[in-house]
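K.L.:
Chain by chain, the residues run as shown.
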Amino acid sequence: MENSTIAAISTAQGNAGISVIRVSGDKAVEICNKIFVPYGKKYLSDLAGYSCAYGKIVSNGEKIDECVATVFLAPHSYTGENVVELSCHGGLVVTKQVLRVVIDNGARLADAGEFTKRAFLNGKLDLTQAEAVMDIISAKSNNALKAANKAKEGVLSKKISGIREELLIQAGHLSAWADYPEEDIPEIDNKVLSEKLTNIKADLQTLIGNYDSGQAIKSGIDTVIVGKPNVGKSTLMNLISGYEKSIVTDIAGTTRDVVEETVTVGNVILNLSDTAGIHEADNEVEKIGVDKAKSKLYNAMLILAVFDMGEAFSNEDKEILENIGDTPFVAIINKSDLEPKLDTEKIRKYTDNIVFMSAKNDEGTEELTKLIEKIYNTTDFDYSSGVLFNERQLSLAKSALQSVEEAISALKNNITLDAVTVTIEDAISYLLELTGERATEKVVDKVFHNFCVGK
Amino acid sequence: MKTYLAGNYDVAVIGAGHAGIEAALSAARLSCKTAVFTINNDAVGNCPCNPSIGGTAKGHLVREIDALGGEMGKTADECLLQMRMLNKGKGPAVHSLRAQIDRRRYSETMKNKLELQENLDLRQAEITDIERTDDGQWLLTTRMLAQFKCKTVIIATGTYLGGRIYVGEVSFESGPDGIFPASFLGESLRKLGVKTRRFKTGTPARVLRSSVDFSELEVQKGDEPVIPFSFDTTKKLENKVDCHISYTNERTKKIILDNIDRSPLYGGKIEGVGPRYCPSLEDKIVRFSEKERHQLFIEPCGENTQELYLQGMSSSLPEEVQLAFYHTIKGLENCLVMRPAYAIEYDCIDPTALKQTLEFADFEGLYGAGQFNGSSGYEEAAAQGLIAGINAALKVKGKEPFILDRASSYIGTLIDDLVTKGANEPYRMMTSRSEYRLILRQDNADERLTPFGYELGLISEERYKRFTDKQEKIKQELQRVQSTVISPSKELSDILVSRETSDVTTGIHLVDLIKRPELSYDVLAPIDKDRPSLDKAIFEQVEITVKYEGYIKKQLSAVETMRKLETKLLPEDIDYKDVTGLRLEAGEKLAKIRPRSIGQASRISGVSPADISVLLIYLAKVGGKHDE
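Chains A and B supply the protein sequences, listed in that same order.
Quick note: the first sequence uses the numbering used here, first residue 1109, plus one each step.
Quick note: the second sequence uses the numbering used here, first residue 52, plus one each step.
I should point out that these hints are in silico values taken from the structure, not numbers from a laboratory.
Just so you know, not all the hints are guaranteed correct.
What the hints assert, rightly or not - Partial list, computed: chain B residues near chain A (C-beta under 10 Å):
| id | residue |
| --- | --- |
| 1 | Q271 |
| 2 | E486 |
| 3 | Y599 |
As the list claims (entries may be wrong) - Restraint ranges, calculated between C-beta atoms of paired labels, are given here:
| id | chain 1 | residue 1 | chain 2 | residue 2 | range |
| --- | --- | --- | --- | --- | --- |
| 4 | B | R550 | A | E1273 | 37 to 47 Å |
| 5 | B | S340 | A | A1310 | 27 to 37 Å |
| 6 | A | N1431 | B | K472 | 49 to 59 Å |
| 7 | A | A1310 | B | G657 | 34 to 44 Å |
| 8 | B | N163 | A | S1302 | 48 to 58 Å |
Cβ coordinates follow ideal geometry from the N, Cα and C atoms, glycine included.
Whole structure, please, built from the sequences with the hints as guidance.
P.N.:
Here it is, written out as structure tokens:
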């Protein structure tokens, strides 16, 4: 069984000063040795790990580029395999040429994420770290990068291991107590156990609660701008996204489709949709736009509802507010430069998140930013508290939480401890699945580590 | 020297300990011509470690053996001195029976059962050589130069294989209890290509009853009434003896620590790996130095002997040191030690060399069972013996093998753990090793396994009829409690209030009352006017089914998920080198363990979920076999 050697350009493509080609696999050194001619005495195959050589890349006797080659020997590399990194000087064309030569000499082009996948398979990263690397690669903002980096450092794994360790201690005690009734293992105190589980529950809840902030920082919040026609939704959209995308006219009903844009508002990424104004449309094309807007409205994670300061509160405004339901929203009172005719108290009945803006004059964006950051709790977001980064992780964390809650309620209802133990072990195995590990042996180890048992 | 051909057998069992007995009986009962060889006929079913059978999770094993038609439970009931149900109040999943037995009587009873068994020859002979014949059978040679040609062989050598005893600086080749060891078979197996390693275990001292002062010791009595191990035992059993409890103290600890360098374990003389859960007293004191005292149980060895067993005090320290520390313990100040404690080291195998039938993957027709496979304990041994015996017999008859999965039993869990994960120390069964323990209870072992025992031919028609009658009664009683409505009454309210659970004002289904943790079948008897008169075991089944319904359902759905992977079989001739995309480590592990199914593969440490995906893709490509 042979692991193929893979290669890819691993820096951002473009006319950067240096681009790096990473080659990983059993034959990484062998392949690069064939195309790299050192200026010094040592060939790549002579180098120890963590060392580099300066030389040229040649193909059919011709020099393609000069480069620094760094050699990492398994298992001390990112992927855990032999790795050579070729740092070339050239631009895109030359870099691609070098990659071509590497592939011609026996490597194959790496699939997306394959280096990270190998790092995971070789135990260099756990699942949450590997997922974080993927997030770093696709990070959309500085904060996304910061959070992804924290995850790669293993903040999430550490957080989860911490919670799991607490559960293991309880499961270990319960198992020792059940498996060694004739040793003097301390009795299980239901009250103490219940308190411990309640603390664990709180930790899991914090972790799950952070998910929305994590999403806000990482993938963006699906946001819809709504409002009756011509309140200035498109102007607002353009203001936030920085350039004109929606067609802005004075004629109500100009925006007939849902315009989508990813924008950064302070710390938060918004996946923004400007919608056709919600009103009874009279032509067919506009009707489709309105229907689409309504369905978007119900799927949104955040709603920016726009109102016109210069017009009285109308039935349409009321309908919008009532349709929002439980989704978090901000009421934007636009055209604050106009003479106030709107009774803002009627809006205040629905929310305290009110911002006065003049989108046209670029006034009020700062307030809007602060308010959104406040809603997603990202202003002082503590990256070290661990962030669940995707739906897979979220759903496993939720299952673990549910098991812990079941255990607590079983204790409260005086269900026997064998059932409580099984429920705690369920929670442990969900968390092990989250980080990509497994269960039961760990409980057994715990028993022997902490208790003096055995006849 | 000249050998002679002494006979042919379908199944030959080497060793007549707990594994060998069950192996020999089951093979013979499945009408195979069977021999069981033992170094000493008087050591059949010996209990050299302790005079008890059962205990947590081990009690489950005994009941499962019984439910399949094995002998251990019945014989333990026949030789009972005291029975206790451990873990009462901790929930039905962890209830376990533990019996003190008369160990001489146990040994004699088992020997007699072997003697009386049709198709079975009990032979006192040390097997010194094993070799493969040209026609794919096995040739066993005894020390007396007799040769037996056998279709299948089950090795159940316990602690005899290359046995060596250690007491402080003294060490010598020996089997347990001064019986001579099997000194040649190990070498013969290694020559064949079987890899062996050394494990270690130990046993405490025996002291003279009249030299022990019981006056200040805590008494431990048996439970009344006695619940027997065997679903077949109908005779009322009596507790005949008491056990006593004492503790070590600071002086005991000091003597041990002062002499720790004289222990062969700490002095480095023993290379064998000992179990963490059955540690010697010096192990406990060194590893848990903060603990002030350790408990010990003083247990009678039998009705016709004055020897008492000091449970929890196994040691390999020199005899002189042992005497000094026993005398520090309350009750034992003037005890006379009749036999000192000792450690014993022996040859065993890495059980990952075996298949789930306990047959060697590389040696067709050769099986291992018991301590030879790296386990520990009489019950673990007997369980493996039973399965090895059944499978050897099925092999001889050309039938499909009998494999119990993890969700069926502790037996299945034990064997799956051994052959999949291996054992770095003698493996002991524990309830925490089973992920399905709420459904694998000792009380429903018959429901889980007796149909298999019947199908195999190890359960008689008459016993099976009793079993199906019981199941029918359980079903009817369950239906009754589900359909019975109890009207509100003062009598009911009084019960509910006294049990601190909420009162009812309208009619309520009986099942919903039983479900309440504060209530039980017994408590509800006065208001359950139409309750039929049934065996207690039937009420127990209904009560557990009702009370744990939610948990049981959850576990059953986990079992279903597990079994999907368990039925995806991997071809026996699969070459893992051909499976592209498999990591090197995973490929090597899979090639070594040769899992039977994807499910088993997923439990191998070092095989990741990603490797399993690769295997599933490979199976889809080659058109994997499905086990229906």
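K.L.:
Does Q271 of chain B pass the interface check with chain A, least Cβ-Cβ distance below 10 Å?
P.N.:
This interface hint holds because 9 Å falls under the 10 Å limit.
K.L.:
Just tell me: holds or violated, for the beta carbon distance of S340 of chain B and A1310 of chain A against 27 to 37 Å?
P.N.:
holds, 35 Å
K.L.:
Given Y599 of chain B as an interface hint, is the shortest Cβ-Cβ distance to chain A below 10 Å?
P.N.:
Since the shortest Cβ distance to chain A is 6 Å, the answer is holds.
K.L.:
Does E486 of chain B pass the interface hint, meaning its C-beta sits closer than 10 Å to a C-beta of chain A?
P.N.:
holds, 6 Å
K.L.:
Do the beta carbons of R550 of chain B and E1273 of chain A sit within 37 to 47 Å of each other?
P.N.:
holds, 38 Å
K.L.:
Verify the CB-CB distance for A1310 of chain A and G657 of chain B against the hinted window 34 to 44 Å.
P.N.:
holds, 35 Å
K.L.:
Looking only at beta-carbon atoms, does the pair N163 of chain B, S1302 of chain A fall within the given range of 48 to 58 Å?
P.N.:
holds, 54 Å
K.L.:
Between N1431 of chain A and K472 of chain B, does the C-beta distance stay in 49 to 59 Å?
P.N.:
Once the Cβ atoms are compared, 58 Å apart, the range 49 to 59 Å for K472 of chain B and N1431 of chain A holds.
Hint compliance for this structure: every hint is met.
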